[in-house]
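Top line first, the protein sequences correspond to chains A and B.
Numbering of the first sequence is given in my numbering, commencing with residue 1312 and proceeding in unit increments.
Numbering of the second sequence is given in my numbering, commencing with residue 47 and proceeding in unit increments.
Just so you know, these hints were derived from the structure itself, not from any lab.
Among the hints, a few may not be true.
What follows is a set of in silico ranges between Cβ atoms, one per label pair, in the way DEER data are often shown [to be verified]:
(1) B:Gln74 with A:Tyr1771: 56 to 66 Å
(2) B:Asp93 with A:Gly1792: 48 to 58 Å
(3) B:His76 with A:Leu1597: 52 to 62 Å
(4) B:Val145 with A:Gly1816: 47 to 57 Å
(5) B:Glu141 with A:Gln1692: 15 to 25 Å
(6) B:Glu141 with A:Gly1657: 28 to 38 Å
(7) B:Pro98 with A:Leu1603: 50 to 60 Å
(8) A:Gln1612 with B:Pro98: 35 to 45 Å
(9) A:Glu1702 with B:Ser171: 20 to 30 Å
(10) A:Gly1792 with B:Lys181: 44 to 54 Å
(11) A:Gln1612 with B:Leu156: 20 to 30 Å
(12) A:Glu1608 with B:Val145: 56 to 66 Å
(13) B:Ser171 with A:Phe1650: 31 to 41 Å
Note that beta-carbon positions come from the ideal geometry of N, C-alpha and C, so glycine has one too.
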Amino acid sequence: MTRAAQVKLAEETQMRAAEARGQELSEALSRMEDRYRGLLEAAPDGMVVVNQGGEIILVNAQAERQFGYHRDELIGRQVKAIIPEGFAERLVADGLRSAVDALAQQIGTGIELVALRKDGTEFPIEMMLSPLDSADGVLVTAAIRDISTRRRAEEHLVQMESRYRGLLEAAPDGMVVVNQGGEIILVNAQAERQFGYHRDELIGRQVKAIIPEGFAERLVADGLRSTLEAVTQQIGTGIELVGLRKDDSEFPIEIMLSPLDSPEGVLVTAAVRDISTRKTAEADLLTHLADLKRSNEELDQFASIASHDLQEPLRMVASYTQLLASRYQGKLDADADEFIAFAVDGANRMQRLIQDLLAYSRVGTKGRVLAAISSEATLQQAVNNLDKVIEESGATVTNDPLPAVLADDTQLVQLFQNLVGNAVKYRSSEPPRIHISATRDGPRWMFAVKDNGIGIEAEYFEKIFGMFQRLHGRDEFAGTGIGLAICKKIVERHGGEITVDSQPGHGSTFRFPLTATDAHPAATRGVMP
Amino acid sequence: MNVLLIEDSPGDVRLTQEAFRAADVSIQLHVVTDGVEAMAFLHQEADHADAPRPDFILLDLNLPKMDGREVLARIKADAALKTIPTVILTTSEAEDDIVSSYQLQANCYLSKPVQLPDFMDLVRSVNNFWLTMAKLPTHHRDQ
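Here chain A stands alone, though its shape is the one from the complex:
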């Protein structure tokens, strides 16, 4: 063999060996690639492998779908074609760091970028990078996730939250949102003002710091009910509690709870209202009511005691002037007779006045519980009491069948007696005819006492029910002007109002309502304030 032939053989042998090695290598590579591709295609995300020059060297099916390209169209293209910004720049090593270092910094952190489809539309992506050492230098694998849906949800959430916050801030009440642990997670400006805190001081704190009692306890579910149920039971009912300001001062509050389902479990929104003003007003009202009641009671007591104590000396004056009159009438001179007559008359009038005042004050102080009674029997008793005056005046008292009513027996006798007595007293030239009737009006009976007496001018309809109000001279009709005031007080005590309808010369009709016994007491109370 020539030297040349020897060299050639050697070269050929080497080449063949090299070829064989190359064959082996490429087969190994191909096997590797298959395995790698299998992994690539199985990935849920789009996968794009890029070299240092920003060239796409591998994509998977997901990436093809995401970007709307066939892989042949993508291989060899610059990655900028599908991710215009933020990717290629990250591949570049600068003076201070190697490409691997640069990439290593991005690993594990999702980078949000904008991707561009073949049809020119954009979509938001999140990208995760990982370096891959290879013979051609460091390759970069990018896992790309389409985050359009998530983005939309996030935007919606932000929008919702700002809308919710708007609502929260617009609410007239302080709003405090609390989680299951009793921790404050949201407050509005009103709540800040009410409690004297800045919201940063409140968020994360226990709600007990501002509402020490009665709130946190309500958040707790027990064996029998869930938190949602526990809170639901409180909904719509104002719970009156005490609020504690930052400066440790307390103020009365009313809270309304509503549950709010959230990913962190049931949250509770509490609308907090400062009810100091209302409480003060309520307390004032109660004080005034108590004052009024006491003053009324004192007045009644005064009237009762005064008239009783006045009666004693007056009885002496009246008795002795009467004794004087009966024993010495006509035995002294004419002047003495006249003087005695005036004294007797004055004492008698004063006695009637005191008796009527006593009767008036007793309507308030001696009133009994209203009970079911027969108004017809009561009228009969009143008529019996008036026997003498009815007979003397030749009056006729008639009545329709009268119903059972809820009334104070004694007071109803007095009411009928005063009205029938007045009808007899204020009679015209004709013999008095008085008729009593009752008509049903809802839960009540409207009574009417009608006469054929002298009647009353319309302008006096109100006035006649006032104390000491008289329309006639003493020489015409005797009286104290208390009788109808007593009637008014009795009717008012029975929850009604007495009215009169009359025309001078054509008689009068007095009307007043009484509760029917068959009107269900609860239902009747229900419609009254």
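Using the hints provided, position chain B relative to the given structure of chain A.
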């Protein structure tokens, strides 16, 4: 007939005297003006050693020193006195006074009428019923 009137108001004493005088002249009306004196009269003590045992007592409720309720309770707790009809004659019309008087065994409760003729009628009625029609036990001091 001996009637004991226990009454502090001179005006009422005189009126009652006038009324009894008009009703029946045979009545012996004895008057004491407070509760302590009333008990002295009934027990024939002090100034009242010679007092007769009354056949009938008219008692006002409001009296100085010892009030009428106490006097009534003592009369009705005393075996020798409790058979004497004791009638309350007072200005009070209070239900409480009426009930407590009967609980203390008052024989009757009367309130003083405001009008003189009514008062006269009342005393006449008392005289007719208690001192004329009613049979009263006859008593002797030494029983």
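Okay, the hints, checked on the actual structure:
1. The beta-carbon spacing between Gln74 of chain B and Tyr1771 of chain A, approximately 59 Å, falls within the hinted interval of 56 to 66 Å.
2. At about 52 Å, the beta-carbon gap between Asp93 of chain B and Gly1792 of chain A stays in the expected band of 48 to 58 Å.
3. The supplied range of 52 to 62 Å is met by His76 of chain B and Leu1597 of chain A, whose beta-carbon atoms lie about 59 Å from each other.
4. At roughly 51 Å, the beta carbons of Val145 of chain B and Gly1816 of chain A sit within the given window of 47 to 57 Å.
5. Look at Glu141 of chain B against Gln1692 of chain A: about 19 Å separates their beta carbons, and that is inside 15 to 25 Å.
6. In this structure the supplied range 28 to 38 Å holds for Glu141 of chain B paired with Gly1657 of chain A, their Cβ-Cβ distance being about 31 Å.
7. Against the hinted window of 50 to 60 Å, the Cβ-Cβ separation of Pro98 of chain B and Leu1603 of chain A comes to about 58 Å, which satisfies the hint.
8. Between Gln1612 of chain A and Pro98 of chain B the C-beta distance comes to about 44 Å, which sits within the given range of 35 to 45 Å.
9. Evaluation of the 20 to 30 Å hint for Glu1702 of chain A and Ser171 of chain B yields a pass: the beta carbon distance comes to about 23 Å.
10. The hinted range of 44 to 54 Å is satisfied by Gly1792 of chain A and Lys181 of chain B, whose Cβ atoms lie roughly 50 Å apart.
11. The hinted range of 20 to 30 Å is satisfied by Gln1612 of chain A and Leu156 of chain B, whose Cβ atoms lie roughly 26 Å apart.
12. With their beta carbons about 23 Å apart, Glu1608 of chain A and Val145 of chain B fall outside the hinted range of 56 to 66 Å.
13. Separation of Ser171 of chain B from Phe1650 of chain A is about 32 Å and conforms to the stated range, judged on CB atoms against 31 to 41 Å.
The structure does not agree with numbered hint 12 stated previously, though it agrees with all others.
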